[in-house]
Amino acid sequence: MTYTNFKGRHFINTQDWTREELEQLLELAIDMKRQPFRKSLANKSLILLFFNPSLRTRTSFQLGMYQLGGTTVVLNMGLEVWNLEVEEGVVMDGKAAEHIKEAARVFSRYGDMIGVRKFPDLVDWKKEKQDAVIQAFVKWGSVPIINMESHLYHPCQAMADMLTIQEHLGGFKGRKFLLTWAYHPKPLPTSVPNSALLAASKMGMDVVLAHPKGYDLDEDILKAVRENAALNQSSFQIVYTMEEGFQNADIVYAKSWGAPAFYGNWDEEAKLRSELKDWRVTQKRMQLTRNGKFMHCLPVRRNVVVDDEVIDGPNSIVYDEAENRLHVQKAILEAILS
Amino acid sequence: MTYTNFKGRHFINTQDWTREELEQLLELAIDMKRQPFRKSLANKSLILLFFNPSLRTRTSFQLGMYQLGGTTVVLNMGLEVWNLEVEEGVVMDGKAAEHIKEAARVFSRYGDMIGVRKFPDLVDWKKEKQDAVIQAFVKWGSVPIINMESHLYHPCQAMADMLTIQEHLGGFKGRKFLLTWAYHPKPLPTSVPNSALLAASKMGMDVVLAHPKGYDLDEDILKAVRENAALNQSSFQIVYTMEEGFQNADIVYAKSWGAPAFYGNWDEEAKLRSELKDWRVTQKRMQLTRNGKFMHCLPVRRNVVVDDEVIDGPNSIVYDEAENRLHVQKAILEAILS
Amino acid sequence: MTYTNFKGRHFINTQDWTREELEQLLELAIDMKRQPFRKSLANKSLILLFFNPSLRTRTSFQLGMYQLGGTTVVLNMGLEVWNLEVEEGVVMDGKAAEHIKEAARVFSRYGDMIGVRKFPDLVDWKKEKQDAVIQAFVKWGSVPIINMESHLYHPCQAMADMLTIQEHLGGFKGRKFLLTWAYHPKPLPTSVPNSALLAASKMGMDVVLAHPKGYDLDEDILKAVRENAALNQSSFQIVYTMEEGFQNADIVYAKSWGAPAFYGNWDEEAKLRSELKDWRVTQKRMQLTRNGKFMHCLPVRRNVVVDDEVIDGPNSIVYDEAENRLHVQKAILEAILS
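Residue numbers (our numbering), protein chains in the order written: chain A, 1 to 338; chain B, 1001 to 1338; chain C, 2001 to 2338.
Just so you know, these hints were derived from the structure itself, not from any lab.
Fair warning: there could be bad hints in the mix.
[As the list claims (entries may be wrong)] Think about it this way: if two alpha-carbon atoms lie no more than 27 angstroms apart in a straight line, the pair counts; the simulated DSS-like pairs of lysine-lysine are: (1) A:K186 - B:K1095; (2) B:K1095 - A:K271; (3) C:K2039 - B:K1039; (4) C:K2007 - B:K1033; (5) B:K1039 - B:K1129; (6) B:K1044 - B:K1007.
[As the list claims (entries may be wrong)] Covered stretches of chain A, going by a simulated chain C footprint (3 or more residues, C-beta under 8 angstroms): (7) 42–54; (8) 77–83; (9) 104–116.
Yeah, the Cβ is synthetic: ideal placement off N, Cα and C, and Gly gets one too.
Whenever a hint applies, use it, and build me the whole structure from the sequences.
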């Protein structure tokens, strides 16, 4: 297989790629899984910038590059490297010692690709929605940028999700993908639910989103999901109880996030959220599904988001899902870089 | 040489291995020292999890894998990666974002072997003695686990110690191994003394343990040391002054640890310990030995644990001991993985 | 080319090398730039010790060793590794858990070369001027030591600067190198200006140093610069306004540092410095030059040290300068180690 149209592209959001292209990446990922060791990226380097912690992402990208013959440099930003300024045109007399413009340009001189993980600060959604950090690397860098989870998206997770679904269900069409909100002691970002909805709808699944009232996802994301569904002649609906959502689901994908009306005002939000502890994936609810598989991007809080008996049960596919991070990322790297 | 019975095993405690097996590992280590560069672990990966700082361990495992053709991923837990929950069945609404069960299973999907360093918290010995973190990786992981120092054991250090003794004394039988307590401003864990005693007695040395009254090591460890000595028809005794211990010693191995009666109550223990500052390895005491060699696992506090003139003197073999970490670890990795 | 006289040497300060040797390193660096991938350092290892943060240094040394077929181990001192004691003969009952003597000797057993980054603490110049940490590695280690920026010098930066100047100006003789002080909200060390002046004067440039009264560099550095200039029959002068300095400059190299009379007493110094905010590289000042190129080691505070329009303008060569770190460092590593 050759993927001439993939070379040199960024991987920021699955929406930037056609369904056919994503299918080709999944095919290549399956191929990677069969034959993990290649020299396709010999002498190539990937610089991984972590503005936030990571377990799977860190490990799978490093080992993936090694397995393709290349290398990685891992940098913990703000810890091993100083803070970066993102705003343009400012007088830099504050905390940031370097502008992201310099970082993007210099890393582009050293490496062949840059991976960026930057969570939102959870202060001001309107501003954070601009995804300024990863967009600055796209703007100022001159090599492909890989999104390792930004304010808005986690496309590598979504690709691993899709590969896992394809492996377990055999395909996407006519299958019901439930994304359900779940309780969590802390307000979390929306990158994972955004990307899961976008990818599942893009691949043609019938998508259901279940969340408590007040926990709406961003309207622009929902609009794109609706458009994906329309193009695929599949469905998208939102329901406000877990029970409705679980009905006949093939996939139960659990994730928590904060209520948008209280964005940045999380002490207030905590009151609302604390009454939603029953939004938990239980065995009883799983019985409403069509022998549904349980998925979660991990890390997951056991017996808060999901009961032990579900995640440890035969229908849990969370470890395959985590493993598939490795295979899809290798496919993405090879397609973009080789 | 082939070591078919080593393949796929964990390396948690030297007691899990027979004396003959440990001797084979030492032979392989000598071979590694002669021929450092191999491709025996090409395409293999070792994931190194550090819950605590490290200098020698970190460096020697990384370079060891490189020299065998493989690769490493290093993760600083709690810093680059979030905290892990160890208890089973709990409702995870506290500080830990992920359960160690997921971590162990996911790392097992990515890498071929997992190294774990986790010191005790020095709060509750009865609980910490369970060595819960490393045991959880053994329980939930599906790849070999290497102990890079746990609550109870530091077997890679002990193997380096044995290689060093073999090189400098030519063998173990009939040689007197003194493990002596030494003063230190802080209460330290017992993993190093435990493993040193277990390994020296297992290899057939005559073992003497010297410590102040009140600084007993765990009774289960001492029992195993006595059993080792009985099997080897060698001796094990405990003495309560340095002077007695140093008499005719071939090896003086110094290490500090906290008094068990005050475990977790260290402010009280500090009073007792502060009167023991004379427990220091001096040149005068070394003259009581049989041209004894000075050993320490490092890091060591100079002029507190040992005088400059001893550690800098001709009978100090601490650098050979540190170097041998590299060679024995490579032997362990190759034996288990290739 | 063979560089038999380079093998096994330390790289601490460009002054330790002859002009001819530095020219040979620059030639080798140009060669590296043309042919980046070699196996000249296969099986070799470089241990990188960071006592301070880094972006370019960390990335370029790691990728450089990879491109030469070798490997690196990166250690964040004080974070992943405990604090090291530097003083000799002390009773180590304080904060430091290990003496630098042990660290230097042990790393020398594991790796083929050690890189050290250690900034001054900015407390006591007389003491810090001894450059104790890097000198301890030279003294106690038994492998070549690479200075990745010490209290006194940043020679890898200086070599990248010289390569960049050679590429953009075609040579050094008769070219005017201006090192100009610039305002910065914090007092900074002098390693970069020291090494820039030493290298530019050594290579035969006409050197001008511009700084406000009270911002003198160390007299021993200035003496060496004067000697370099005398040997090369080139010039060295100090001026006290930016305007004088910029006249006919071919290179404008900007950098900030603290006033030596207030060393360690920085709150007092801040008053003096706060009146020097006009010491900023502006387009208007650049027009005084001979089509001068703008250089900075980075990180740089935009619109504080230099205006956006200068650093983003056609005469800014800061990205070439950053990229050249990679090429000169590879040349140094190969020359010393292969």
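Hints versus structure:
Pair hint A:K186 plus B:K1095 holds up; C-alpha atoms about 10 angstroms apart against a cutoff of 27 angstroms. Our distance criterion of 27 angstroms between C-alpha atoms is met by B:K1095 and A:K271, whose separation comes to about 19 angstroms. In summary, the hint linking C:K2039 to B:K1039 is supported, as the alpha carbons are separated by about 16 angstroms, within the 27 angstroms threshold. For the hint pairing C:K2007 with B:K1033, the CA-to-CA distance comes to about 24 angstroms; that is within 27 angstroms, so the pair holds.
Between the alpha carbons of B:K1039 and B:K1129 the distance comes to roughly 38 angstroms, so the proposed pair goes past 27 angstroms and is violated. This hinted pair checks out: B:K1044 and B:K1007 have alpha carbons roughly 14 angstroms apart, not beyond 27 angstroms. Counting residues of the region 42–54 of chain A whose beta-carbon sits less than 8 angstroms from any beta-carbon of chain C gives 3, enough to reach three: the coverage restraint holds. Only when three residues or more bring their CB closer than 8 angstroms to a CB of chain C does the claim for the region 77–83 of chain A stand; here the count is 4, and the claim holds.
Counting residues of the region 104–116 of chain A whose C-beta sits closer than 8 angstroms to any C-beta of chain C gives 6, which meets the bar of three, so the coverage hint holds.
The earlier numbered hint that this structure contradicts is number 5, and it is the only one.
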